[in-house]
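Number of protein chains: 2
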Amino acid sequence: MVNIAVLGYGTVGSGVVEVINTNHDSINKKAGQEIQIKYVLDLRDFPGDPIQEKIVHDYNRILEDDEVDIVVEVMGGVEPAYTYVKSALEKGKSVATSNKELVAKHGSELIAMAKERKINFLFEASVGGGIPIIRPLNQSLTADEICEITGILNGTTNYILTKMRNENREFDEVLKEAQELGYAERNPAADVEGYDACRKIAILSSLAFGSQVDYEDIYTEGITNITAKDIVFADQFGYTIKLLGSSKRIDGQIYCMVAPTMITEDNPLYSVNGVFNGIFVKGNVLGDVMFYGSGAGKLPTASAVVSDIVDEVKHLHTNIMTTWSSRKLELADIKNAKKRFYVRMEGARSEKQAEAEEVFGAIQAVESEKVPGEFAFLTEEMSEKEYEERAAKIKGIVNRIRIGR
Amino acid sequence: MVNIAVLGYGTVGSGVVEVINTNHDSINKKAGQEIQIKYVLDLRDFPGDPIQEKIVHDYNRILEDDEVDIVVEVMGGVEPAYTYVKSALEKGKSVATSNKELVAKHGSELIAMAKERKINFLFEASVGGGIPIIRPLNQSLTADEICEITGILNGTTNYILTKMRNENREFDEVLKEAQELGYAERNPAADVEGYDACRKIAILSSLAFGSQVDYEDIYTEGITNITAKDIVFADQFGYTIKLLGSSKRIDGQIYCMVAPTMITEDNPLYSVNGVFNGIFVKGNVLGDVMFYGSGAGKLPTASAVVSDIVDEVKHLHTNIMTTWSSRKLELADIKNAKKRFYVRMEGARSEKQAEAEEVFGAIQAVESEKVPGEFAFLTEEMSEKEYEERAAKIKGIVNRIRIGR
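Taken in sequence, the protein lines are chains X and L. Under my numbering, the residues of the first sequence are numbered -4 to 400, in order. Under my numbering, the residues of the second sequence are numbered -4 to 400, in order.
Hint data in this document are derived by calculation from the structure and do not stem from the laboratory. Any given hint could turn out to be false.
All copies of an identical chain are treated as equivalent in the list; a pair is satisfied when it fits inside any one copy or across any two copies.
[Claimed, not checked] List time: in silico DSS-like cross-link candidates among lysine-lysine, alpha-carbon distance up to 25 Å: (1) K243 with K293; (2) K113 with K309; (3) K24 with K243; (4) K388 with K334; (5) K388 with K81; (6) K110 with K309; (7) K277 with K24; (8) K49 with K81; (9) K277 with K293; (10) K33 with K86; (11) K81 with K110; (12) K277 with K309; (13) K24 with K309; (14) K113 with K24; (15) K113 with K86; (16) K330 with K380; (17) K390 with K380; (18) K365 with K158; (19) K323 with K24; (20) K293 with K100; (21) K49 with K33; (22) K224 with K113; (23) K390 with K347; (24) K224 with K334; (25) K388 with K330.
Could you put together the complete structure from these sequences and hints?
Here it is, written out as structure tokens:
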């Protein structure tokens, strides 16, 4: 029997308890031992709930109990999670976490601590909710050098963009509705400004390239500037707009960014809609693979946490997470990254297209009855720097969105 | 240093050698040791090729060499692969294989042999080519009870169906072209009759449900009856036709079959086109996940084989494949499986719809200028048995295709 302690009885924490109770027999069979929840740490009490008998308010009770082999951190936020996790590892307890802020900020240190002590620090649920992606990156794609990892990593923004597209509605209106439905937070900045996706692509990039990618270094642009007009034009060009977190190795350098991006039907992420997430990986021998599933939600996230617990039970004294060193990976300057751009401009196409061609060279332009007084065009491939220089030479640009492959 | 022997220097075997040479440094780092190819078994010689110095013609050379820890079986076919693999395991050598016939037929026995000896028998490449699916099923989805596993498991038939749809062409014509391009075998039965997909869904089902699913028990229907006319009508109903291998747990029983199936845009497999494969899994807590990638091809398949080799190097004396017992899983009779059906009939809709409604109850019928003298309809949900009984009461049915979710 292996005793575990769950830190936090919120959405994910109660989900972990529920999953372990629901699939008790099959989980214990796969783990090879019975998993018992000995403690649940929470500031609150839950009178009448069977969990109450396991509730403790003092973390030291867990830390000092040598019978606890695994600590499950599902509180979120950097502190006190970081202090708790660190002290658990110091005591020789493995840790499973769903906490992307913690992993993005302190992942390499906590991985190294676990490795030294022949225990484990696992975090499958920190990216892509229930989608198996951390373990496949670490254990399945071992024959490959990763060339690219690009994902729809935030369900809230994907829900908003899908709804805007399907119903041709404006961002503010759909955001408000998503908030009412509980799909978006009251303070939506972490989602809609891309901060959440940024932490997740930092984690994936660190794993894929084996070195620490600091999320603060990643150029991050949210979806607040995307309008119903852009969606009309994108549709006309055969594109859909997705918030992508993306890391690419080009000429030995890693380019990493989070930004709304237009993609075509050929891209496997094109049909990842609603609250779903999708993560595309390109390996130098494997070619393209994609992982798709529920990027959030109580039970899918808890399922991923419990899969880490099972792995830790199976590997109580063996470390299994090998990549991601603390050596900092210096990202390439995205100003040098080359791509095509979508540009929306004020004015009639008939009057302004010539001017746009003078500035940008060959373009593909369209107009739409649904967007009077404006038109849109796609540029040829150019660097971000070159785009900015050219765009500064012309008046009337209302929005620009990057084109993906 | 770990010595390996590769059995067979065909497409996959030479791919394995190429992948190990190409990504030498990163592979050794992830394995924690240097992987050296000591022998390649092949009946042929390859004068002038650097591999020649490793070529042996006698398998006993490999078997008797205690320095060889891992045998890589990439010959295909049940014999002599089975004899070779069994004797390797008996000698305490781990085995990695890409051989779906071998795994479908003898998987449970070989897994048990490896488990007893604390070595490994791994077969990531036997299903879905480069797509990580075996390891995720075995090691990632451990918190879940699997409710469904449905896949586009054969790239050749998916290429043919995609081409038929995109270009509105007939099966025979597209098959011939696929043969000329090397996407289909000269004898295409294994692919187009669904036998290949059948072995693969047998392997996935055995892993997902933990008991032996015999491929001989699986109802299997190929794509040879699908015509351009069906594709016209499918399109009109908003469906695409895919060859799906599918296992579902319904009321405690497992229904398993391989058949062309119509699916809508809501299904994540809808946009898996061309030679790509996609595998959809539904867990009772995880919800829906999908894995997508190259289902075949020299390097993607070799990438999966090498990922098994890396795992075996990391676990030289620890068994890691736990599920799939030899206890036979008795599949439910698919005659009782319920679904909707697409039916194509001879005759004008105006004349025959009433008769069809009399037999099938409520239906949705369409006709098309592109298919003169015929019409098509969708039935309500009914069992396969009920469908057959009703269909026998009416003349003029040309084809019927099952509707997926």
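Okay, the hints, checked on the actual structure:
1. K243 with K293: between (31 Å within a copy, 24 Å between copies)
2. K113 with K309: both (13 Å within a copy, 14 Å between copies)
3. K24 with K243: between (40 Å within a copy, 21 Å between copies)
4. K388 with K334: Cα proximity of K388 and K334: one copy only (19 Å, versus 61 Å across).
5. K388 with K81: neither (53 Å within a copy, 72 Å between copies)
6. K110 with K309: Answer is both: 16 Å inside a copy and 15 Å across each meet the 25 Å cutoff.
7. K277 with K24: Between copies only: 20 Å across chains, 34 Å inside a chain, cut-off 25 Å.
8. K49 with K81: within (23 Å within a copy, 49 Å between copies)
9. K277 with K293: Close across copies (16 Å), not inside one copy (29 Å); limit 25 Å.
10. K33 with K86: within (17 Å within a copy, 43 Å between copies)
11. K81 with K110: within (13 Å within a copy, 35 Å between copies)
12. K277 with K309: between (30 Å within a copy, 24 Å between copies)
13. K24 with K309: Result: close both inside a copy and across copies, 11 Å intra and 23 Å inter.
14. K113 with K24: Close inside one copy (23 Å) and across copies (18 Å); limit 25 Å.
15. K113 with K86: Answer is within; shortest intra-copy Cα gap is 12 Å, inter-copy 30 Å.
16. K330 with K380: within (5 Å within a copy, 64 Å between copies)
17. K390 with K380: Within one copy only: 18 Å inside, 69 Å across.
18. K365 with K158: within (18 Å within a copy, 35 Å between copies)
19. K323 with K24: Between. Shortest inter-copy distance 18 Å satisfies the 25 Å Cα cut-off; intra-copy 40 Å does not.
20. K293 with K100: Within one copy only: 23 Å inside, 39 Å across.
21. K49 with K33: within (6 Å within a copy, 56 Å between copies)
22. K224 with K113: neither (55 Å within a copy, 62 Å between copies)
23. K390 with K347: So K390 and K347 pass the 25 Å test inside one copy only (10 Å; across, 64 Å).
24. K224 with K334: within (22 Å within a copy, 41 Å between copies)
25. K388 with K330: Intra 18 Å, inter 70 Å, cutoff 25 Å: intra-copy only.
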